[in-house]
Amino acid sequence: MPGRAEGGAVPQRMSLIPRTTFPAKPLAGAIALAFLALLAGGALFSLAFEASRDESGAFAAFDAYLWRVARFTLLQALLSTLLSVGLALPVARALHAHQHFIGRAFILRLFALPLALPALVAVLGITSIYGRAGFIAKTAHYFDFGFTPDIYGLTGILLAHVFFNLPLAVRLLLAGLDSIPPDYWKLSAQLGMGSGSRFRLIEWPAIARSLPGIMGLVFMLCVTSFTIVLTLGGGPRATTLEVAIYQALHYDFDIGRAVALTLTQLALTLAILFLFRLTGRPTEEGFSLAITTRRYEKLRPGERLIDLSVILLAFLFVALPIAGMVISGLVADFGRLFSERSVWRAIATSLILGGAAALLSVILSLALVAAREAVASGRKMGRKQSFFERGLDTGASLILVVPPIIIGAGWFILLRHFADPFDFAPWMVISVNAAMAMPFAVRLLRPTWDTESARHNRLCAQLGISGWTRLRLVDWPVLRRPLSVAFAFAMALSLGDLGTIALFGSDAVQTLPYLLLQRMGSYRTLDAAGLALILGVLSLGLMMLADRGSQASPRKEERP
Amino acid sequence: MRPIKLLALSAAALLGLAAPAAAKDTLTIYTYESFTADWGPGPKVKENFEKECDCTVEWVSAADGVALLNRLKLEGATTQADIVLGLDTNLITEAKQSGLFAPHGIDTSNETVPGGFKDDTFVPYDYGYFAVVYDSDKLTDPPKSMKELVEGDASQKIVIEDPRTSTPGLGLLLWIKAIYGDNAADAWGKLKDRVLTVTPGWSEAYGLFTRGEAPMVLSYTTSPAYHIVVDKEDRYKAASFSEGHYLQIELAGITKNGAGKPLSAKFLEFMTGPGFQDVIPETNWMFPAGKTSKPLDPAFDTLVKPTKTLMLPPDEVAKNRKAWVDEWLAAMSR
Numbered sequence: 000m001p002g003r004a005e006g007g008a009v010p011q012r013m014s015l016i017p018r019t020t021f022p023a024k025p026l027a028g029a030i031a032l033a034f035l036a037l038l039a040g041g042a043l044f045s046l047a048f049e050a051s052r053d054e055s056g057a058f059a060a061f062d063a064y065l066w067r068v069a070r071f072t073l074l075q076a077l078l079s080t081l082l083s084v085g086l087a088l089p090v091a092r093a094l095h096a097h098q099h100f101i102g103r104a105f106i107l108r109l110f111a112l113p114l115a116l117p118a119l120v121a122v123l124g125i126t127s128i129y130g131r132a133g134f135i136a137k138t139a140h141y142f143d144f145g146f147t148p149d150i151y152g153l154t155g156i157l158l159a160h161v162f163f164n165l166p167l168a169v170r171l172l173l174a175g176l177d178s179i180p181p182d183y184w185k186l187s188a189q190l191g192m193g194s195g196s197r198f199r200l201i202e203w204p205a206i207a208r209s210l211p212g213i214m215g216l217v218f219m220l221c222v223t224s225f226t227i228v229l230t231l232g233g234g235p236r237a238t239t240l241e242v243a244i245y246q247a248l249h250y251d252f253d254i255g256r257a258v259a260l261t262l263t264q265l266a267l268t269l270a271i272l273f274l275f276r277l278t279g280r281p282t283e284e285g286f287s288l289a290i291t292t293r294r295y296e297k298l299r300p301g302e303r304l305i306d307l308s309v310i311l312l313a314f315l316f317v318a319l320p321i322a323g324m325v326i327s328g329l330v331a332d333f334g335r336l337f338s339e340r341s342v343w344r345a346i347a348t349s350l351i352l353g354g355a356a357a358l359l360s361v362i363l364s365l366a367l368v369a370a371r372e373a374v375a376s377g378r379k380m381g382r383k384q385s386f387f388e389r390g391l392d393t394g395a396s397l398i399l400v401v402p403p404i405i406i407g408a409g410w411f412i413l414l415r416h417f418a419d420p421f422d423f424a425p426w427m428v429i430s431v432n433a434a435m436a437m438p439f440a441v442r443l444l445r446p447t448w449d450t451e452s453a454r455h456n457r458l459c460a461q462l463g464i465s466g467w468t469r470l471r472l473v474d475w476p477v478l479r480r481p482l483s484v485a486f487a488f489a490m491a492l493s494l495g496d497l498g499t500i501a502l503f504g505s506d507a508v509q510t511l512p513y514l515l516l517q518r519m520g521s522y523r524t525l526d527a528a529g530l531a532l533i534l535g536v537l538s539l540g541l542m543m544l545a546d547r548g549s550q551a552s553p554r555k556e557e558r559p
Numbered sequence: 000m001r002p003i004k005l006l007a008l009s010a011a012a013l014l015g016l017a018a019p020a021a022a023k024d025t026l027t028i029y030t031y032e033s034f035t036a037d038w039g040p041g042p043k044v045k046e047n048f049e050k051e052c053d054c055t056v057e058w059v060s061a062a063d064g065v066a067l068l069n070r071l072k073l074e075g076a077t078t079q080a081d082i083v084l085g086l087d088t089n090l091i092t093e094a095k096q097s098g099l100f101a102p103h104g105i106d107t108s109n110e111t112v113p114g115g116f117k118d119d120t121f122v123p124y125d126y127g128y129f130a131v132v133y134d135s136d137k138l139t140d141p142p143k144s145m146k147e148l149v150e151g152d153a154s155q156k157i158v159i160e161d162p163r164t165s166t167p168g169l170g171l172l173l174w175i176k177a178i179y180g181d182n183a184a185d186a187w188g189k190l191k192d193r194v195l196t197v198t199p200g201w202s203e204a205y206g207l208f209t210r211g212e213a214p215m216v217l218s219y220t221t222s223p224a225y226h227i228v229v230d231k232e233d234r235y236k237a238a239s240f241s242e243g244h245y246l247q248i249e250l251a252g253i254t255k256n257g258a259g260k261p262l263s264a265k266f267l268e269f270m271t272g273p274g275f276q277d278v279i280p281e282t283n284w285m286f287p288a289g290k291t292s293k294p295l296d297p298a299f300d301t302l303v304k305p306t307k308t309l310m311l312p313p314d315e316v317a318k319n320r321k322a323w324v325d326e327w328l329a330a331m332s333r
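Protein sequence lines correspond, in order, to chains A and B. Under numbering that gives the first Met the number 0, think of the first position of the first sequence as 0, with each following residue one higher. Under numbering that gives the first Met the number 0, think of the first position of the second sequence as 0, with each following residue one higher.
Here chain A stands alone, though its shape is the one from the complex (with noise of 0.2 Å):
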């Protein structure tokens, strides 16, 4: 194949693109890889450096816990990506298929809120549900089935990650859908097509471009779990690196062990990645968009019925523990909450600092969605991917396996040469909170990006379309509605994260989940409830905002 695209037969993709225009898209994607780089790599550069300057410690070799310890990491974090990714796909093909049942937006919604929750918060509703006095004791024990429940052990750990990753990977697989042109679903209504053959010709090639990286981001999001491991995990079996990184870190002060395990655990995952890429097969075609697709296909009665349960049963799945959570919240005392300045001042702090992460994090997952889409194009067919591509394309998503209070505690050790760090409180929350949030945006935005950019580039190139004209006229209209719920999920991701500043705290980033964990810390159970709920509802309403506010698009008039 090489050897015919340089014969010049056929034409290069991209030719109509003039190659002299200056490089802004793979620029802007350098800049936005250069900080997630720098930010992680000065993290670790700065701890290093500190470590080495510490003659005592030495850290000790790998010994036998800490094998036994990322064994174990890896085990629970592709146990969990398997079930998370594996049952999330029923769940998104019934989902696709029935594109107009009164809740299904709720649904969606509901599905983007548990990444939103503090782990504590999420364990606790799920103990509500599964634990030994939860609902599901409390009903086996009414009806005198003399059971309970016991999940403290994989189980719980299995349970709860599933719990939080399942309603990703079906929003993230429905996008992946979502970009099969609407003449597919068409034609295969006129062929008569069944459940099979549909999964296996129309959705799975869709479904096998997103695969590799959903189960990735899945992985990575279970290798760094930490309160979940520790707090269902049953006992010290269950440890992941993370929970030694911390312990190192932050017991140990052994600095040098601390980057080691980070190290380790950035290799281990890269490994993971790079076998995930080799199962899918992640594949550039463009297809063309569509908000909501119109599906043709009449299903019989037993596959609506299928569909429909396999809808309920995820729904519940997700929705119950987070009824658990709004009912212990429910008797919390609101009238003292809201007078608290505490509060407001938290609730505040919060939405600021979430909005500006998040607005950072959309700016900066376009960025680097525009280069790689713009390095791809540009590259000759059958050339293998260049380096910049590939980091463009996962190097942002492995931010996510630097646990923040490495690269709290490395920047503070920076910081403190020049100034007071905990001047830089604040931006660090936000760059982290932005960074972190990178990867969900990215996979967000990029279907649509890459579709839209497969559809217009040529045509923009013929019509001498480009720069700002082409931003107003052509992007804008179809990306508005990805940038505003990548920007919802960004802002509520950053909503529930406290990691950053665990390590030292700071009174200038006092955020809810921050509060949230203050109260639960001195007795106030019931104020945390009820912070908790605030902290859900902020989230949920921040989905419906971006949803509404995104429906106003002109492409409202493609529905049906």
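Read the hints as simulated data drawn from the structure, not as lab findings. Hints may be right or wrong, so weigh each one.
[Said to hold, decoys possible] The calculated lysine to aspartate or glutamate pairs, modelled on EDC-like cross-linking and capped at a C-alpha distance of 20 Å, are:
{"hint": "1", "chain 1": "B", "residue 1": "Lys290", "chain 2": "B", "residue 2": "Glu51"}
{"hint": "2", "chain 1": "B", "residue 1": "Lys43", "chain 2": "B", "residue 2": "Asp53"}
{"hint": "3", "chain 1": "B", "residue 1": "Lys255", "chain 2": "A", "residue 2": "Asp143"}
{"hint": "4", "chain 1": "B", "residue 1": "Lys321", "chain 2": "B", "residue 2": "Glu93"}
{"hint": "5", "chain 1": "B", "residue 1": "Lys191", "chain 2": "A", "residue 2": "Asp149"}
{"hint": "6", "chain 1": "B", "residue 1": "Lys137", "chain 2": "A", "residue 2": "Asp143"}
{"hint": "7", "chain 1": "B", "residue 1": "Lys191", "chain 2": "B", "residue 2": "Glu232"}
{"hint": "8", "chain 1": "B", "residue 1": "Lys72", "chain 2": "A", "residue 2": "Asp422"}
{"hint": "9", "chain 1": "A", "residue 1": "Lys137", "chain 2": "B", "residue 2": "Glu93"}
{"hint": "10", "chain 1": "A", "residue 1": "Lys137", "chain 2": "B", "residue 2": "Asp134"}
{"hint": "11", "chain 1": "B", "residue 1": "Lys189", "chain 2": "B", "residue 2": "Asp325"}
{"hint": "12", "chain 1": "B", "residue 1": "Lys72", "chain 2": "A", "residue 2": "Asp143"}
{"hint": "13", "chain 1": "B", "residue 1": "Lys146", "chain 2": "B", "residue 2": "Asp181"}
{"hint": "14", "chain 1": "B", "residue 1": "Lys231", "chain 2": "B", "residue 2": "Glu281"}
{"hint": "15", "chain 1": "B", "residue 1": "Lys95", "chain 2": "A", "residue 2": "Asp251"}
{"hint": "16", "chain 1": "B", "residue 1": "Lys137", "chain 2": "B", "residue 2": "Glu281"}
{"hint": "17", "chain 1": "B", "residue 1": "Lys137", "chain 2": "A", "residue 2": "Asp149"}
On a predicted model such as this, the values are computed, not experimentally measured, just so you know.
Knowing the structure of chain A, use the given hints to seat chain B on it.
Frame of chain A, contents of chain B only:
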């Protein structure tokens, strides 16, 4: 030129160069967060001390006692702290080794701490005992000793904290070490079946406990006082153990940086008196180390009074902590 100037200005603003003009002397105290929280002792202590010192107290808070020491070690000699408040006895050996603290030189004879703890660098401000807290609605026959807890009915679960990540977790580890000595690993091997789960911190454990996941949790003898005073709820009780309870003492010390200021010693003296001690019981939910101006809330009288106080010497803990945690890990992972 203009944008550059603007950039320089905003950078200067970011770096906090525009420090507020200090009219009064300022005493900077590093502490942990729950101390400075709205409902914690911090606000009231600040108010009381400022009344008599004609100075400004500035709190700087870290997440917990361990984070406090870490932050101090990172800052080294450049630290802003005059006083560090919130280390416990298990941290003072390490704190002294950092060489950042100066002897306090104040008279602590008006304080009474169980076991008669005395130190020339650190002054106690409160103390508490670790205890197994249970839900009396669910557990009618609580363990009366550590032995009964370790060897008792494995279906009656307890939630404990992880000694690798939390202070109460380390507390239980030392408690069992103090009772069982070299046989601690065996004790953990038996207790293991009774442990529902091991949480990273106190919040998670106590949250699971109050939600009814387990009838017992590792906490403090003072925990029931909170529920009685604030929630008007007396179902949560601490179990009295015949072998005795492990003691945690919270301390404050003057840094070398603060040693030059007369205010620092003045604050520590204030700390041992009623202006500070009155605030402690119902905000920090610990026992005051000094005298209060009036008796404590009657709820505190209902609490378990340990017949025997257990505490391992700080130096021994510092020396063996790692080995003991490893021993715990091995026993609990079997």
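Okay, the hints, checked on the actual structure:
1. B:Lys290 x B:Glu51: Distance of about 18 Å is within 20 Å: holds.
2. B:Lys43 x B:Asp53: Holds: B:Lys43 and B:Asp53 sit about 16 Å apart, inside 20 Å.
3. B:Lys255 x A:Asp143: violated (66 Å)
4. B:Lys321 x B:Glu93: Distance ~13 Å between B:Lys321 and B:Glu93 Cα, so the pair holds.
5. B:Lys191 x A:Asp149: Measuring from Cα to Cα gives roughly 15 Å; hence the hint holds.
6. B:Lys137 x A:Asp143: Answer holds: B:Lys137 to A:Asp143 is near 18 Å, not above 20 Å.
7. B:Lys191 x B:Glu232: violated (30 Å)
8. B:Lys72 x A:Asp422: Given pair B:Lys72, A:Asp422 holds - Cα atoms ~19 Å apart, limit 20 Å.
9. A:Lys137 x B:Glu93: violated (48 Å)
10. A:Lys137 x B:Asp134: holds (18 Å)
11. B:Lys189 x B:Asp325: Measuring from Cα to Cα gives roughly 17 Å; hence the hint holds.
12. B:Lys72 x A:Asp143: violated (57 Å)
13. B:Lys146 x B:Asp181: holds (15 Å)
14. B:Lys231 x B:Glu281: At roughly 14 Å apart (the allowed maximum being 20 Å), B:Glu281 and B:Lys231 satisfy the hint.
15. B:Lys95 x A:Asp251: Holds. B:Lys95 to A:Asp251 sits at ~16 Å (cutoff 20 Å).
16. B:Lys137 x B:Glu281: Violated: B:Lys137 and B:Glu281 sit about 27 Å apart, past 20 Å.
17. B:Lys137 x A:Asp149: Roughly 18 Å separates the two Cα atoms, so the pair holds.
Violated hints for the displayed structure, listed by number in ascending order: 3, 7, 9, 12 and 16.
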